[in-house]
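Single-letter residue listing:
2 protein chains.
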Amino acid sequence: MSSPLVQPVILAGGSGTRLWPLSTTEFPKQFRPLLGKRSTFQDTLSRVTSSALYKAPITITNQTHAQLAQEQQAEIGVAGILIAETARRDSAAAVALAALAAQRDDPQALVLTLAADHVIPDAEEFRRTVQAGCAAAASGKIVVFGLTPAEPKTCYGYIQPGTALDESGKVSDVNSFVEKPDLETALGYLQSGYLWNSGNFLFRADVMIEAFHKFSPEIISAVQDSFENATELPKGIFNLDAERFEKTPADSIDYAIIERIDNCAVVKGDFIWSDVGSWDAVWEILPKDAEQNSHVGQAHFIESQGCFIHSEGRPTVAVGLNDIIVVSTDDAVLVLPKDKTQQVKKVAQLLGS
Amino acid sequence: MSSPLVQPVILAGGSGTRLWPLSTTEFPKQFRPLLGKRSTFQDTLSRVTSSALYKAPITITNQTHAQLAQEQQAEIGVAGILIAETARRDSAAAVALAALAAQRDDPQALVLTLAADHVIPDAEEFRRTVQAGCAAAASGKIVVFGLTPAEPKTCYGYIQPGTALDESGKVSDVNSFVEKPDLETALGYLQSGYLWNSGNFLFRADVMIEAFHKFSPEIISAVQDSFENATELPKGIFNLDAERFEKTPADSIDYAIIERIDNCAVVKGDFIWSDVGSWDAVWEILPKDAEQNSHVGQAHFIESQGCFIHSEGRPTVAVGLNDIIVVSTDDAVLVLPKDKTQQVKKVAQLLGS
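As you go down the protein sequences, you meet chains Y and A in turn.
According to the working numbering, the first sequence is numbered sequentially starting from 322.
According to the working numbering, the second sequence is numbered sequentially starting from 322.
Excised from the complex, chain Y in its bound form:
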């Protein structure tokens, strides 16, 4: 069975500092070689360009990073247009843009929105999961991706699947979305078959636009207005009309749309996935040595266990350490225990990054 072509839209407008000093507002993590040679933005592009399933990607980022994103596309031989946001307006505006941009080609285009900073090592299983969700999306559902939980994480939201929508059992209706739980609740979720919510979506452009008109009309109206008045400069980069985009209310796609609609479906993914939202998550996703150490760059572990080193330029040596993270970039060196990584955002603010 051949599937319709899917329009991938990469959402690359984030500016997190939870991976400081690697990630800064000037040079956010999605454009950095977080796990090795390529950026997660480039890895995300590669995931949706190697197959007959996808159209050329569209990337939505902010004005500051549009040129960088274009260069990083070119580096890996990908050609795709970029839409540059002129202000930070959260994920609802970006998903609305994705739908509007895809609709220019085909009103009923299937749109796959993907965060540029997620890590999915198994591109093939990811592709099969997207394919599994296409029928539900084509039928008018807004499809979310639910991951089989590897452990009771308290840093992710969860999805409770409902009635199965296909014979494979991979696609179901959504009974409910639930916020980040405490550990006990998370343990209960695992036993009840809940899934991690990866925050990526597959939908028909017209379905999403209609949902916006119904639940968040101010957002779609301002976004459409700024998009129709965008200027292409330089080639391939469409700058939204700043004054009009400025008027867009800032909201998350979850609050603006997903939690208000009743036509959601979930497709279950059995691939390893991480939003690498903190340094301990980076440690976790990487291959480890016999002592449970993982690293990027030149690293040496001596009598050390459960450590992570990210080292740019120069070698980093850990001696006699347990569960310690060391991040060394050209800008700064950060050392902290693995269970303190939630403090990094605060540290970055403190140091003015």
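Please keep in mind that the hints were generated in silico from the structure rather than gathered at the bench.
Hints are all accurate, no fakes.
Some residues of chain A that are not near chain Y, with every Cβ distance over 10 Å (derived):
#, residue
1, E396
2, E472
3, D546
4, L554
Now the stretches of chain A that chain Y is said to cover, found in silico as 3 or more residues with beta-carbon under 8 Å:
#, segment
5, 625 to 637
6, 640 to 646
7, 662 to 672
Here are the simulated lysine-lysine pairs, DSS-like style, with alpha carbons at most 27 Å apart:
#, chain 1, residue 1, chain 2, residue 2
8, A, K659, Y, K661
9, Y, K358, Y, K666
10, Y, K609, A, K661
11, Y, K609, A, K659
12, Y, K661, Y, K501
13, Y, K659, A, K609
14, A, K666, A, K609
15, Y, K474, Y, K589
16, Y, K609, Y, K474
17, Y, K659, A, K661
18, Y, K609, A, K667
19, Y, K661, A, K661
20, A, K609, A, K358
21, A, K666, A, K474
22, Y, K667, A, K609
23, A, K667, A, K501
24, Y, K659, A, K659
25, A, K535, A, K568
26, A, K609, Y, K661
Predicted model, so just to flag it, every value in this text is computed and none were measured.
Glycine residues also receive a C-beta, built at the ideal position from the N, C-alpha and C atoms.
Using the hints, position chain A against chain Y.
Leaving out everything else, chain A in the frame of chain Y:
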């Protein structure tokens, strides 16, 4: 009472890697800004140039670093000749050289040999201690400097003082020198009034030369031969004759001379002193914040206690750490607990530094 002028001789030929990555065989610690802006070599020079007590300093270093030493002298406005060793021959050869070089000016010159990598913050008290030792040295004693122990260190040798030689009680005969003790023995030493042996000496040039002729004639003979055939190139740097210096037996001054003679005296110093032989010693000698953290360079301590940061170029941030040392240079980053610093030499060898 005016004292005779003292000839300071700085022994700057060491190449320790116990402070790796700051100290390497190519760029050893005495030429590095270990405690801040200036090198300990420069601090040592400053300690013996600001007073009417001292002649212009002589520096003994190895050929590789003679030019660097000359530049570092010039930086702080010190003019003094340099003697460049063409091979590593340990401290006995260096002290013999010091005596021979001082003797050219005055056969009975008082010579003060000083390690270039020791830290003595109180230059004034140091000067008073040297002055207190001059009479004993002028009378033909070889004077060692004994420090009142701040704690029962097991990384230093100790001196047992004997009969007092002056009314102040600062200068005594030496009953015995003892090797690095275990902790229990060290505690006993403290109760019995033993002193730390700082390994620096004050003596008459002719007395030391005579002692060499008696106890280590091969050393003084080869050193004298190579010194008399030295070439001055470039100006101010005297390169020993390589072939002749090569023949000098390598030995420490303690084994070659000090432990064999019976005319030693000890002058008691009440100043803070450290041989900064490891990173925990560097932490110890520096001023600390309320949480017992100390640092050189741009450092930030957040919820951290008892830590040390040496940071070159870029800031280093410690979050939630206890008793951890972080050393960040242009060449490498090293992270280890304070009680593992004895492993650094091994680490440096492992990494080929």
